[in-house]
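Protein chains: 2
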Amino acid sequence: MGLGVVGGGVASALLQDPSTVTARVGIPVNLRRVLVRDRSRPRDIELPPGMLTANAEDILDDPDIDILIEVMGGSDPAAAYFRRALSSGKHVVSANKEVMAKEGADLMALARANHVSLLFEASVGGGIPIVGCLMNELAANDVYSIRTIINGTTNFILTRMAHQRTAFADALSEAQGLGYAEADPTNDVEGIDAAYKLTVLATLAYGCRFSPDDVFRQGISALEPQDFRYAEEFGYAIKSLAIADQNGEQVQLRVYPALVPFDNMLANVNGVYNAVEVHGSLCGQVLFHGMGAGRGPTTSAVLGDLVETARLVRDSAVPGGPRELSQHLGVRPIDALRTRYYIRLIVADQAGVLAQIARALGDEDISIASVLQKDADAETQSAEIVIMTHPALESSVQQALLTIGRLDPVRRVGNMLRIEE
Amino acid sequence: MGLGVVGGGVASALLQDPSTVTARVGIPVNLRRVLVRDRSRPRDIELPPGMLTANAEDILDDPDIDILIEVMGGSDPAAAYFRRALSSGKHVVSANKEVMAKEGADLMALARANHVSLLFEASVGGGIPIVGCLMNELAANDVYSIRTIINGTTNFILTRMAHQRTAFADALSEAQGLGYAEADPTNDVEGIDAAYKLTVLATLAYGCRFSPDDVFRQGISALEPQDFRYAEEFGYAIKSLAIADQNGEQVQLRVYPALVPFDNMLANVNGVYNAVEVHGSLCGQVLFHGMGAGRGPTTSAVLGDLVETARLVRDSAVPGGPRELSQHLGVRPIDALRTRYYIRLIVADQAGVLAQIARALGDEDISIASVLQKDADAETQSAEIVIMTHPALESSVQQALLTIGRLDPVRRVGNMLRIEE
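Protein chains in written order, with UniProt numbering: chain A, 1 to 421; chain B, 1 to 421.
These aren't lab readings, by the way, just hints derived from the structure by calculation. For each residue, glycine too, the CB sits at the ideal point set by N, CA and C. Any given hint could turn out to be false.
Simulated DEER-style distance windows between Cβ atoms [as the list claims (entries may be wrong)]:
(1) A:ALA369 with B:PRO333: 51 to 61 angstroms
(2) B:ASP315 with A:GLN250: 24 to 34 angstroms
(3) B:SER88 with A:PRO261: 51 to 61 angstroms
Beyond 10 angstroms from chain A on every Cβ pair, some chain B residues (computed) [said to hold, decoys possible]:
(4) THR186
(5) ASP365
(6) ILE368
(7) ALA369
(8) ILE419
All chains should be modelled from the sequences, with the hints used to inform the complete structure.
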């Protein structure tokens with residue numbers, strides 16, 4: 001059977017060792033065309049002459065290509081390619097979180113209507129097989145929550161900040177130097193990448209259409225080394241989590257740096273590793289831990305999907321297909337979140353400050369669980385107060401912080417972080 | 001479409017909330033017959049009259065039953081039921097590790113020949129979706145190793161012994177009292193259950209027929225509380241691991257209690273939890289952690305397979321089927337294992353003992369990494385010596401222990417455990 005590939009890396013892996021896939025499928029799986037932007041760029045593996053093309057039609061219109069593999073990224077023109085391929089009876093394997101987050105529901109319906117397969121394991125979690133598991137192995141569960149560390153770049157930066165007490169900017173530079181972060185790190189550090197991935201997971205877990213715009217996002221650039229120190233004193237790590245959880249007829253989707261107790265497995269996911277914890281009605285809590293990115297893990301996911309798809313082609317089989325997205329759940333606004341909070345304030349070093357702050361919190365029905373007041377800085381005559389609250393409503397905390405920010409002795413609100421027990 | 005169930009528990013779950021499966025599949029999935037040993041036994045859920053039967057033919061010969069679900073356990077008569085069902089075009093979903101370990105390869109071939117599906121996620125790992133992942137999502141990897149904690153009963157007992165310093169017999173009684181261990185605990189504590197599960201995983205991971213007899217087994221009943229104390233002093237937990245790893249053209253399969261460094265995630269899998277760590281050529285190390293047994297997790301796995309199978313029936317689809325078991329790998333004998341060892345000896349409290357022991361080890365090319373000699377027991381005039389070796393060959397260690405056991409001042413070999421870094 002024939003393959004067309006959009007993007008170079010996986011093509012190289014396929015050519016380097018085609019026997020792996022062929023052995024799994026049982027019949028030869030041949031790479032026919034590879035679409036690249038620049039045909040003259042040097043590549044790891046020399047592709048046979050005539051295999052490279054800069055013209056998508058050479059793949060989309062080739063009737064001998066049964067499966068389109070897409071690893072180029074971005075929603076445009078990938079979505080258009082997918083539509084043409086699926087409509088003309090080609091199966092699609094994709095590594096593209098953006099297109100699946102933005103147009104996945106429609107594309108899955110199109111695949112279904114055309115009796116072809118659309119698999120996208122590599123779009124989320126790299127070597128962690130969470131996409132397939134939500135579609136199949138865990139499909140009988142009502143999913144209470146999915147809590148994830150799903151962006152390796154931010155997890156690398158946060159691990160550095162936690163273990164070396166590095167400032168954010170320095171940890172980011174280091175990540176860029178190692179190739180973990182891009183020159184423009186916005187997508188990673190502002191949680192955009194994580195929001196795409198969370199959208200894909202939530203769509204599958206809840207059988208419902210969600211959009212990246214449904215995700216509340218808070219980035220990690222405002223974190224300071226002392227946040228890690230204080231969190232540690234209270235027994236918590238700081239991790240950027242992407243969370244989906246159901247509450248009645250609503251699902252809440254959120255990406256933010258949160259305090260996680262050290263005895264929780266998510267607190268011990270370090271460096272570029274990812275983790276996904278699914279809490280289901282039947283399976284209980286299942287945790288997946290592995291490499292979330294990189295060439296090997298991505299190739300593992302793409303080729304796993306390819307093997308599955310190629311077996312369908314081999315047997316002239318029709319895919320059973322994923323669940324129909326027939327659920328209609330609302331999106332719960334972040335204001336409705338109820339959790340515990342970590343609040344760090346920089347205040348003037350004078351008497352009575354804490355009383356004023358406590359009153360502002362009390363007025364919003366927020367009760368304090370513990371307080372840490374650090375020695376004053378003689379030079380600036382300021383001190384830091386760290387407050388851990390009991391469970392409180394997000395909207396109340398936001399309101400209280402506005403009030404607190406306006407208090408005379410409060411220099412600024414250093415940080416507000418949510419606690420995920 | 002129609003279902004026949006062998007065994008009661010899952011049937012109850014299906015009847016209690018049939019909407020879950022129907023919602024995932026999109027068309028009604030109806031339970032038609034349930035085979036039970038004793039029709040008069042009281043059940044959690046009252047089954048409609050006429051649904052219960054004690055005659056397997058009522059299911060196997062019913063042309064309206066598309067899918068056979070088997071949760072009875074044991075290889076006989078399950079294997080015979082499977083053969084009849086698969087041969088007559090029925091799909092099979094099984095939770096049966098024993099039949100899959102002993103006859104899985106033949107049954108998979110039979111399913112393949114009859115273009116029907118045979119899924120068995122619930123046979124290993126309960127709520128951990130490792131079976132499907134090895135068949136599909138991770139299928140493109142060459143698997144270097146699978147290291148697992150795959151028997152919840154032994155992990156519960158070992159966790160108790162580690163944390164409460166309980167004796168084995170007491171921890172076992174407690175497990176029996178809680179329903180985690182059976183009256184005859186042999187299958188669990190001697191590693192038979194783990195060997196079945198490891199056989200199933202290795203067969204899928206290596207695409208090769210293996211038998212439970214290929215698994216080297218050592219149970220946990222000889223462990224004593226001081227083994228946990230000494231291991232801890234060296235920085236290790238003791239866990240019963242089931243391991244498959246490839247070495248050239250051979251795979252070694254082994255189940256035994258081993259020392260695992262505390263900073264390894266497997267060391268922190270406690271109580272009745274299970275974990276599976278797959279080290280693949282592309283995905284790197286992926287770890288799965290979850291509930292390995294119990295009604296919820298088993299139901300999750302069985303219904304997940306059912307949803308996948310029912311989608312095939314819905315679409316009149318032919319399953320792509322798992323990989324053909326076309327590999328021919330040998331089984332590496334335990335004698336060829338090379339690892340580090342923990343050796344606890346009870347010796348007479350007299351001078352020169354350690355020198356004699358060290359000589360016996362040195363004669364077999366075993367070098368000592370560290371030694372712990374504990375204060376003598378005045379009453380018995382004996383002392384305990386704990387030795388951690390550098391990497392050594394199993395056959396040499398066994399030979400050295402024979403020699404050491406015969407030394408005059410050595411009262412007995414307390415324990416020998418392997419170290420898994």
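Hints, one by one, checked against the model:
no.: 1; hint: A:ALA369 with B:PRO333: 51 to 61 angstroms; in the structure: holds, 58 angstroms
no.: 2; hint: B:ASP315 with A:GLN250: 24 to 34 angstroms; in the structure: holds, 32 angstroms
no.: 3; hint: B:SER88 with A:PRO261: 51 to 61 angstroms; in the structure: holds, 54 angstroms
no.: 4; hint: THR186; in the structure: holds, 27 angstroms
no.: 5; hint: ASP365; in the structure: holds, 36 angstroms
no.: 6; hint: ILE368; in the structure: holds, 32 angstroms
no.: 7; hint: ALA369; in the structure: holds, 27 angstroms
no.: 8; hint: ILE419; in the structure: holds, 22 angstroms
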